[in-house]
Amino acid sequence: MKKLKLLKMYMAGNTKLYLLSWLSIVIHVALAALIPLLIAFYLDHIIGGLAIDSSTAAFSLSSRLLEFFRDNGSGMILPAIIGLTLLQGLFLFLRGKLTALAAENSSRRLRNSLYRHIMHQPYDFQSKTQTGDLVQRCTSDIETVQSFMSSHGSEAVSIVFQIMLVLVIMIQISPLYTLISTALIPLIFFLTIRFFLSMMKIFLAADEAEGELSSALQENLTGVRVVKAFAAQQLEIDKFTEKNSTHRDKVMLILKLMSRFWSTSDFLCMIQFAAVIAAGAWGALNGMITIGTMIAFSTYAGMLIWPVRGLGQMMGFMGQAFVALERIQEIFDYPVEDDETGTIDIKIAGDIVFENVSFAYGDGEKVLDDISLHIPAGRTTAILGATGSGKSTLVHLLLRLYDYQSGSIKLDGTELSTINRRYLREQIGLVLQEPFLFSRNLAENISLGRASASEQEIMEAAAKASVHDAIRGFERGYGTIVGERGVTLSGGQRQRIAIARTLFRAPSVLIFDDSLSAVDSQTDASIRAALQRDRRNVTTLIISHRITTLAEADQILVLDKGRIVQQGNHDELISSDGLYKTVWELQSKTDDETIDSIISV
Amino acid sequence: MMIEEQEFSKKIDFKVWKRLLGFSKPYRSLMIWLVAQMIFAGLFDAVVPLFSKYAVDNIVLASRPDRLILMSIVAVLLIAAQAVNVRYMVLRAGKIEAWLPYDIRQNAFDHLQKLSLSYYDVTPVGWIMARLTSDCRRLGQTMSWNLVDLFWSGFMMLITAIFMLILDWRMALLVLVTIPLLVWISFVFQQKILHNYRQVRKYNSHITAGFNEGITGARTIKTLAAEQEMADGFGKTTSQMRNFSVRAATTAALYTPLVLMLGAIATGLVLWSGGIRMNQTGIMGMTYGTLAAFVSYAVQFFEPVRQFARVFTELNYAQASAERIFALTDTVPAISDSEQAINIYGKQEGEEGKAEWPAFAGNIEFENVSFGYENGECVLENFNLKIKAGETIALVGETGSGKTTIANLACRFYEPNQGQIRVDGIDYRDFPVMWMYSQLGYVLQEPHLFSGTIRENITYGRSDVSQEELESAARTAGAHEFIMHMDNGYDSEAGERGNRLSAGQKQLVSFARAILSNPVLFVLDEATSSVDTQTEHQIQQALSRVLEGRTSLIIAHRLSTVRHADRILVIDNGIIAEQGSHSELLKKRGYYWRLYTNQIVKGSLTE
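Chains A and B, in that order, are what the protein sequence lines are. If you're matching positions, the first sequence starts at 1 in this note's numbering and goes up one per residue. If you're matching positions, the second sequence starts at 1 in this note's numbering and goes up one per residue.
Calculated directly from the structure, the hints in this document are not laboratory data. For clarity, every value in this text was computed on a predicted model and none was experimentally measured. C-beta atoms are modelled at their ideal positions from N, C-alpha and C, and glycine is treated no differently. Mixed in with the good hints there might be a few duds.
[Claimed, not checked] Rough simulated footprint, nothing fancy, chain A against chain B, three-plus residues with beta-carbon under 8 Å:
1. 17–30
2. 76–83
3. 223–229
4. 301–307
5. 316–323
6. 437–447
[Stated by the list, open to error] Here are the simulated DMTMM-like pairs of lysine to aspartate or glutamate, each with C-alpha atoms no more than 20 Å apart in a straight line:
7. K97(A) <-> D133(A)
8. K239(A) <-> E456(B)
9. K236(B) <-> E143(A)
10. K95(B) <-> D249(A)
11. K250(A) <-> D103(B)
12. K128(A) <-> E303(B)
13. K95(B) <-> E210(A)
14. K128(A) <-> D491(B)
15. K347(B) <-> D427(B)
16. K114(B) <-> E326(A)
17. K243(A) <-> D110(B)
18. K95(B) <-> E572(A)
19. K5(A) <-> D207(A)
20. K239(A) <-> D487(B)
21. K239(A) <-> D427(B)
22. K239(A) <-> D464(B)
23. K561(A) <-> D110(B)
24. K243(A) <-> E493(B)
25. K243(A) <-> E456(B)
26. K201(A) <-> D333(A)
27. K95(B) <-> E326(A)
28. K256(A) <-> D333(A)
29. K239(A) <-> D149(B)
30. K243(A) <-> E584(B)
31. K236(B) <-> E365(A)
32. K128(A) <-> E365(A)
33. K202(B) <-> E143(A)
34. K95(B) <-> D149(B)
35. K239(A) <-> D491(B)
[Stated by the list, open to error] Here are some, though not all, of the chain A residues that point toward chain B, as calculated from beta-carbon distances under 7 Å:
36. G96
37. R116
38. Y123
39. R137
40. C138
Throw the hints in and build the complete structure from the sequences for me.
Pasting the structure below:
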C-alpha cells in the first residue's frame, strides 16, 4: 500500500504516458511472439506439408488465413516476416521513446519539486541534515528510480507479459512439454531474486567505500598546503592506501559473489534448455509432437528461461528503487516554512523595537534573555559581543529566520511575526559572515537571478562594496566564474561580493553579521563611507569586533550571554568599565604594560 | 571556469595502449587466460544451435533414439564445462577490474604527493578527482570486461560465419550479405548512443552541482529571499537534462528495430530459399535441421555485431581516460630534490633519511630573488631579505602585495625563478625538499582540518606523541579547555573538514598542531583574522612563548598581532617599503603609521 503510494507520487502527472508506454510494450511482445509461430507454421505446414489441425488453429489465426498461407506457400513467408517485424519494430521504438519520455518527465518534476522543497525549508534545516546525504538522495536516488522506471521496470512489464503469452501458447500446443520446458524456471527465478536482494547491501557498501575514497582524496587535495607544511605525505599515502584497498576488496567481493551466481544460474538455464531439446527429440521420435513444434518449443524455452532470470534481477532493482523512493519521500516529509501568509502591507523604514524578547533553540538554554531595545530608523547601530553572546541570533530574528518565543518585536509599529517572511527578507538585507558564492560569473552572483538587472546597477553595487576595481583586475572582469568550479577568491573578496549582492537588492534595512572581518580596515572604512554617502537614511546594523567600525555607530550595544550589558555611543562606553572599553584598549593601546594590566584585571 | 575536456580521441594512439599494457603487466597472464576462456565461451555459444540441428536431423529424422542419450551426456558435460568457465572468467575479469584501477590510482596519488603547489594552483581539485575516480574506473572496466566483450564478439562473428559456410555456403552467403549493412548501422548508432550517454552524464553533473549549491547555499538564498529565482534557474537545468535525455533515448530506441529488420530480412531469405530447396533433391537440397540451425544463426548474428561496435567506441573513451591519467602522472614536480641534494643525502623516500639530515638553525636569506606565478604575473623582483635565526618578522601590506609569496618561497613551496634563497648560508635547493618541510609550522587563514578525531588532527604527521606532549601543545594554543568540554575530549570527531568546530576553534586546533610539530620556522598567514578579539589576545600570549627561539614569519591584517615582532616589513608591490620595529615605524609616520592609525580610534594616538 505504502509502495503504491510512493509509485503514485513518482508517476503523478504522467499517468497517461506510462499507460501508453505499457500498451506499446504489450503490443511489441505479442508481435515478437508471433514470429516464431509463423516460422513453425511455415516449417510444418508449408514445407513439411502437414495438415492444419486444431492445435495450430489455436494460435488465434483464423483457419482461412492459415490456408491462404499454405496455398500461397513459400512466396508469402518473406513479406509476412518482414511485415510483422516492421510492426514489431515500430512498437519497440514507441516503447523506448514513451518510457523514456515518461520517466524523464517524472524525474524532472521530482527534481524541481525537491529543489523547491529544500529552498523553502526553515533556516535551521541544514543543521538537521547532512549535505552529502541530501545531495545523494536528490541525485542518485532519483537516478535509481528513473533507471528502474525507464529500463528495468518496462523490461519487467514486458517479461511478465511475454511469460504469460508464451506460457499460454505452449500450454495450448502441449501441456506436458510445457511442464518439462519450465521445470527449473521457478528455481532460477527465486535464486536470482534472492541473490540480487542480498547483493543490495554489498553494492551499497561498495558505493560507500568509493565515497570514502573520494572524500579522502578531496581532503588531501584541498589540504595540500597543510600536508606539505607538515611533511605528512607518507601519512596521507597510508590513509589513502587503506581507503583504496578497502574499495578494491569490496569490488572484488562483489565479483566473487557474481561469479558464483552467474555460473550457477547459467548452468541451470542451459540444462533447462538442453532438457527441452532432448525431450522434444524424444517426443518427436515417438510421434507425440511434430518437428515444427519441437523447434518452436526450443525457441519458446529461450523466450522463457533467460527472461525469467532477467525478471529476478529486475525484482532486485525494484527493491532498490523502492528504497530510493522512500528516501526521497523522507525529504518531502520535512514541513516547509510558511512564506505565503502574513501581511505585506507595510512600508518598511526600519524602526525596530524589541520588548522583553527571549529566545532559545529548541529546548536549550536561552540564547537571548529578556532583550529590550530600540533601533531608530535611518541610524547605524553596532553590536559587540563574544562568540555565543547571541549577536547573530538577534539579527536572525529580524528576518524571521527563527521566530521569537516570548516578548514582542515591532518593525515600524507592526508586530514582526505578522509580517510575510519573504517580503521581510526582501526588505532587510543580511550579509552573513561566511558568504556563499554560487558557481557562476560575478555579475550573476551579484544580480543573483534577477534577469532585469542592468550592467550599470551591478557595477554600482560592486563599487559601493569596494570590489569593482578588484573585479576589473580579473582577466574576464564581471564574467569571471567563481565558486566551487571557478576562480578562488580571497576571504575579503568573497565578503565584498556578498555585500555587493545585498546592496544590489537595495534593502531598507542593512545588517552586517561580522561580514567585514576578512577585509582590511581601510577597505572596511571605505565601504562604510560609501554606504554613508549613498543612503544616509538606511537603517544599518553592524556586528563587528573591530573597534574602528563600532566607534562610528550612532549607537553601540554590548551583548553578553544573551543580555544587553551596555548601550551607548563610543564616548559614553569608553568612559565606563566593561567589555567595550576592554576591547577598545586592546585594539588601540600600544604599550605592553597597559595591555597586560587590562588583561590581568 | 568549467573545464570542457575532450571526452574521446578520434585516432587510436598505440603509444597510449602500449603504456596501458605496461600497467597491466602484473595481470598479463590473467588477461591471456581471459582471452582463452572467452574463445571457449564463444565456441560454446556457437555450438548451441548445432544441438537442435543434430536432434532434428540425426535423431528424429534418422529415427535413432539411441543417439539421444549420447547427445544428452555431451550436452551436460559441455554445459558443466561452460559453467566452470564462466565462474573463473568472471573471477579473472573481476580481479583485473578491481586491481588495475587500484594500482593506477595508488600510483597517481603517490605522484600527487610529490607535485608542488604550483601544480595545484593551476589544476582544479575536481579535475584531479575525476582522474582518480571515473577515469581509473573506466580503465579497469576496459582492460577487463571490454576486453572480454571484444574477444567474445569478434570470435562469435567469425565462428558463426564459419559454421554457416560449412553448413551450406550458398545460404550462408545469403545471410552474410546483410552483415556489412549491419556492421555499418551498428557503428554509427553505437557511437551516437555512447556519445549521447556521456552528454547525459554531463548534464547530470550539472544537476548534482545545482543541488549541491542549492543545499549548501540555502541559508544565503534565504537571507536574500532568492528562492524563486534559484528554483527557476534550476528548472532550466532540469529541462535541458530532460530534453536531451529524451532525444538520446529516441536515438537509442531506433537502433534495435533497425537491426531487427535486417535480421528479419535475413531470416526471411533463409526460410524462403530454404523452402524452395527443401523440395529439391541432390546438391541443392537441404535438410530440415540445417534450415532450423540457419534460422537461429541468422537471428543470433546481430548481438556480437552490436557488442563489437559498442566496445570499439568504448575504447576511444578509454584511450582519452588513459591520456588524461598519464598527463597527471607525467607532470614533473616543479620542486624536487636536486642532483646535488641526492648526491649528498641520497634518494629520499618518505622520511627515511631523516637521521642524516643536518640541523637547521633558522637563518634565511633572500638574495636577488625574482619570482612570478605560472600565469605570468611577476610578484617579486630582485628581492633581498635577511632573517636571523630566532627572529620574528611581520609582513604587512595590502592584498596582492606579495606577503604570502614571500612566506611560500621561504618555506620552499615555490622556488625562486632567479636568485637564491639560503638557509644557514647554503642554497636550500642543495637540501632534500622534505628536510625543509619537516622544519615548518604553518598556520593558515582558513585552517584545514582533516576528518578524524581532534587528537589525530593535532598529532598530524607524527606518530610518537605522548598524551602530555599533546595536552601541553593544546594548552599553549589555548585549545585545551574547549577540547575538554567536548563529549569525548581529544577523541571527539572533528567532522568532515573539521566542520563540527567553529572557525575560531578550528584555528586553535591548527595552531596546536603547528606547535606540536616543534618547528624551526613558524609561519602564520593571516592566522588570527577569523577569531574574536579575546581569542586573538590569547593566541598573542601563546605566541610570545611559542616563538621564543624560533624563526617566524607573521602575516596579518590586524596590526595588534604584528606589534611585538622584532622587525616589521611593509610590503608594497613586491618590495620592502618600510621596515623596523613597531615604535620605529610609528615614528616614521609613513605607510605603517597610516595603516595603524586607521585601525585605532581617532584621537587615541595622534597626540
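Right, here's what the structure says about each hint:
Residues of the stretch 17–30 of chain B with a Cβ under 8 Å from some Cβ of chain A number 0, which does not satisfy the need for three, so the listed coverage is violated. By the rule of at least three residues with a Cβ nearer than 8 Å to a Cβ of chain A, the coverage given for the stretch 76–83 of chain B holds, with 5 such residues. Given a C-beta distance limit of less than 8 Å, the hint that chain A covers the stretch 223–229 of chain B holds, as 7 residues qualify and 3 suffice. By the rule of at least three residues with a Cβ nearer than 8 Å to a Cβ of chain A, the coverage given for the stretch 301–307 of chain B is violated, with 0 such residues.
Counting residues of the stretch 316–323 of chain B whose beta-carbon sits less than 8 Å from any beta-carbon of chain A gives 0, not enough to reach three: the coverage restraint is violated. Remark: the stretch 437–447 of chain B is confirmed as covered by chain A, as 8 of its residues place a Cβ nearer than 8 Å to a Cβ of that chain, reaching the required three. Simply put, K97(A) and D133(A) have alpha-carbon atoms about 32 Å apart, too far for the 20 Å limit, and the pair is violated. About 12 Å separates the Cα atoms of K239(A) and E456(B), which keeps this hinted pair within 20 Å; it holds.
A hinted pair counts as satisfied when its Cα atoms are at most 20 Å apart, and K236(B) with E143(A) qualifies at roughly 18 Å. Simply put, K95(B) and D249(A) have alpha-carbon atoms about 10 Å apart, close enough for the 20 Å limit, and the pair holds. A threshold of 20 Å between alpha carbons decides the hint, and for K250(A) with D103(B) the separation of about 15 Å falls inside it, so the pair holds. With a C-alpha separation of about 51 Å, the suggested pair K128(A) and E303(B) falls outside the 20 Å cut-off, and the hint is violated.
Taken as a hint, the K95(B) and E210(A) pair is honoured in the structure, with Cα atoms around 17 Å apart against an allowance of 20 Å. Between the alpha carbons of K128(A) and D491(B) the distance comes to roughly 23 Å, so the proposed pair goes past 20 Å and is violated. At most 20 Å may separate the alpha-carbon atoms for a hinted pair to count; K347(B) and D427(B) meet this at roughly 18 Å. At most 20 Å may separate the alpha-carbon atoms for a hinted pair to count; K114(B) and E326(A) exceed this at roughly 45 Å.
Straight-line distance between C-alpha atoms of K243(A) and D110(B) comes to about 14 Å, which keeps the hinted pair within the 20 Å bound. The straight-line distance between the Cα atoms of K95(B) and E572(A) is roughly 77 Å, outside the 20 Å bound, and the hint therefore fails. Between K5(A) and D207(A) the alpha-carbon distance is near 28 Å, which puts this suggested pair outside the 20 Å criterion. Between K239(A) and D487(B), the direct Cα distance comes to roughly 25 Å. Violation of the 20 Å bound is thereby established for this hinted pair.
For the hint pairing K239(A) with D427(B), the CA-to-CA distance comes to about 33 Å; that exceeds 20 Å, so the pair is violated. At most 20 Å may separate the alpha-carbon atoms for a hinted pair to count; K239(A) and D464(B) meet this at roughly 17 Å. Restraint check: the Cα-Cα separation between K561(A) and D110(B) comes to about 50 Å, which exceeds 20 Å; the hinted pair is violated. The suggested pairing of K243(A) with E493(B) holds, with an alpha-carbon distance near 18 Å, which does not exceed 20 Å.
At roughly 17 Å between alpha-carbon atoms, K243(A) and E456(B) fall within 20 Å of each other, so this suggested pair holds. Simply put, K201(A) and D333(A) have alpha-carbon atoms about 25 Å apart, too far for the 20 Å limit, and the pair is violated. Taken as a hint, the K95(B) and E326(A) pair is broken in the structure, with Cα atoms around 35 Å apart against an allowance of 20 Å. With a C-alpha separation of about 39 Å, the suggested pair K256(A) and D333(A) falls outside the 20 Å cut-off, and the hint is violated.
Between K239(A) and D149(B) the CA atoms are separated by roughly 35 Å; this puts the pair beyond 20 Å, and the hint is violated. Using a Cα cut-off of 20 Å, the hinted pair K243(A) and E584(B) is violated, with the two alpha carbons roughly 55 Å apart. For the hint pairing K236(B) with E365(A), the CA-to-CA distance comes to about 44 Å; that exceeds 20 Å, so the pair is violated. Between K128(A) and E365(A) the CA atoms are separated by roughly 18 Å; this keeps the pair inside 20 Å, and the hint holds.
A distance of roughly 14 Å separates the Cα atoms of K202(B) and E143(A); the hinted pair therefore holds under the 20 Å criterion. For a cut-off of 20 Å, the pair hint linking K95(B) to D149(B) stands: about 16 Å separates their Cα positions. A threshold of 20 Å between alpha carbons decides the hint, and for K239(A) with D491(B) the separation of about 18 Å falls inside it, so the pair holds. About 3 Å separates the beta-carbon of G96(A) from the nearest beta-carbon of chain B, less than 7 Å, and the hint is met.
Taking 7 Å as the C-beta contact cut-off toward chain B, the hint placing R116(A) at the interface holds, the least distance being around 5 Å. Below 7 Å, beta-carbon pairs count as interface contacts, and Y123(A) has one with chain B at about 6 Å; its hint therefore holds. For the restraint placing R137(A) at the interface with chain B, the shortest Cβ-Cβ distance is roughly 9 Å, beyond the 7 Å limit, so the hint is violated. Of the supplied interface hints, the one on C138(A) holds, with its beta-carbon coming within about 4 Å of a beta-carbon of chain B, less than 7 Å.
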